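J.: Sequence:
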Amino acid sequence: MTKYGASETLEDNRLEIRVTEETVTTRRRRSGPPWLMLGGGLLVLAGGGIVLFSGDDKPPAPQPQATVPGNPVPEVVEPLVQESTFADDGQSMWVSPTEGKPIDLGYLLPGTQLVLHIRVAELLAHAEGEKVLAALGPWGEQIVEQLTRSTGVKLPEIETLLLGIRPSRKGTLDFALRLGLVQEKTQAELGEPLPVRSEVARFRPDQSEGKVLVLCSAEVLSELESAAAQPPLFARELQRVLQRTDVSRMATLVFASKFLQINGEEFLSGAGEPLREALGDFLGEEATAIALSAHWDDNFFLELQSTVALNTRPHRLAALLEQRVAASSDQIEDVLLAEPPHPYGRKVLARFPAMLRKLGNYTRSDEVEGLSVLRCYLPVNAGHNLVMALELLLEGETSRDASVVLRRGDISSAEPSGLAERLQQSTSLVFPKETLQRALEILSEDLGVPLEIAGRDLQLEGITKNQSFEIDLQDQPGAEILLAVLLRANPDRTASGPTDVKQKLVYVLRQGEIKGEGDQPSVIVVTTRSAAARRGEKLPAVFEPTAR
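All residue numbers for the sequence shown refer to our numbering, where the first residue is 2 and numbers rise by one.
Please keep in mind that the hints were generated in silico from the structure rather than gathered at the bench.
There could be a bad hint or two in this list.
Here are the simulated lysine-lysine pairs, DSS-like style, with alpha carbons at most 25 Å apart [unchecked claim]: (1) K102 with K171; (2) K359 with K348; (3) K434 with K359; (4) K212 with K102; (5) K259 with K212.
Computed Cβ-Cβ distance ranges for the label pairs, DEER-style [to be verified]: (6) R439 with T99: 18 to 24 Å; (7) T99 with K259: 42 to 48 Å; (8) D493 with G537: 22 to 28 Å; (9) N312 with R536: 51 to 57 Å; (10) K259 with S227: 23 to 29 Å.
Predicted model, so just to flag it, every value in this text is computed and none were measured.
Ideal placement from N, C-alpha and C gives every residue a C-beta, glycine not left out.
Please take these sequences and the hints and turn them into a complete structure.
T.: Here's what the structure looks like:
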């Protein structure tokens, strides 16, 4: 997937944007700082959808198929205030580029605490659409791949996507996903069986004419079918911001702040953890329900709306948000100086602090209808640049923590077959309880073999490097011990052995940053079967499925 940004950076374009006349003479507000990093995170947060489709690739039990009216065409409503176009005075609140109705929330579950709405076809049809998708990197590729596999629908065939997530009584997450399709889809076109885990159900609501498809947690299927297109009840604060959403915006994310505090670790783990922590620090305890939205037309537009906690006034919260992010660009700059980024994303990340400063120059904040509101307009190509820079930054944070280089070793003088030979050395690995990471560290040190955990690959499969287990293997070849460690750490206990496709944890031999002689691999990477297949990496023979 092509990466954009090296040549298409933020331009210092003169923007001609509407502002509300009623705010022109209001009290002066400082230009908000780069809070829009959170806006870039809006699309990255969609990676939480991995929660919905991860797991065993087993088809679900056949679900009743039917046909619901497509999503109603948004009606244009009259603007609340008179608008004009005139020179920006650096203070006035920006006017929304869209004037649509609130998002239709049919086929979501009662108690939903996070809502994501994307106008997929419209976004992809925009000149920036493919760039935004590419900017999400491997994370975005994984989401698109699993969404297509789970639904039988390709991305350009989706008009709108509506996702709702709520905590379940079991401590996990329930979900409902409604797809509005561009054209009618028959059951034959959708394909069956669906290659997803059995805990996921799919149905077409009655009277949908084949243009609405709903997926949900199997255990809530009857609850969702009975509720049908009737929007569920939401917590009061969440309902307030949902009523202020605009269905015409290309992407909108709405969530309760307590949801991230209580369930965020499960929803945003791994690469998303720094984003969850940043959101928590940014919102504090004053913001209770938040709506983030983005839109692309001739410019790039971002908006944050928030309800406030008791004893907090909306205009005061807006000021607090400005104060909390005033130093964001400098902090990002310090992080990049302390931990130089990988050459792959160095050019984009080097420009990230400047992007954020530019973003701050065009941000406006105010109180609007009892909500704290921040808005920003930027040149149209700013959206994918911000998304890509944020994705690269999160990837770098994850790499420093989870993609741990366990031991590179001194292999500069190794023979071409040095790694394979070292794996055949006999050693022992005995401990009552230890983590996957520590087990591989010990093995790496004993054999002098460079080992690396591809933490991002494991996280996409829901596998943690910190899971613990016991092992007692003595006087065996290192290759057999490494295999035994991966078998014990595999999340699917029903895997019959290394050749079983249910054995997700595998390793590959790869040319690493420290090169061996000739073209021989210089590092052993612990990854997943699906990630290796996506990259076209050859697995060792021990993992190759046997002919049946």
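J.: Against this structure, judge whether each hint is valid.
T.: So, going through the hints one by one against the coordinates:
For the suggested pair K102 and K171, the alpha carbons sit about 35 Å apart, so the restraint of at most 25 Å is broken. The straight-line distance between the Cα atoms of K359 and K348 is roughly 17 Å, inside the 25 Å bound, and the hint therefore holds. Distance hint between K434 and K359 is unfulfilled; the C-alpha atoms sit about 51 Å from each other, more than 25 Å. Between K212 and K102, the direct Cα distance comes to roughly 21 Å. Compliance with the 25 Å bound is thereby established for this hinted pair.
Simply put, K259 and K212 have alpha-carbon atoms about 34 Å apart, too far for the 25 Å limit, and the pair is violated. R439 and T99 have their C-beta atoms about 52 Å apart, which leaves the hinted 18 to 24 Å range violated. At about 29 Å, the CB distance of T99 to K259 disagrees with the hint of 42 to 48 Å. For the pair D493 and G537, the beta carbons lie near 24 Å from each other, so the given range of 22 to 28 Å is met.
Between N312 and R536, the C-beta spacing of about 53 Å keeps the proposed range 51 to 57 Å intact. A C-beta distance of roughly 27 Å is found between K259 and S227, which places it inside the suggested range of 23 to 29 Å.
Hint compliance for this structure: hints 1, 3, 5, 6, 7 are broken, all remaining hints hold.
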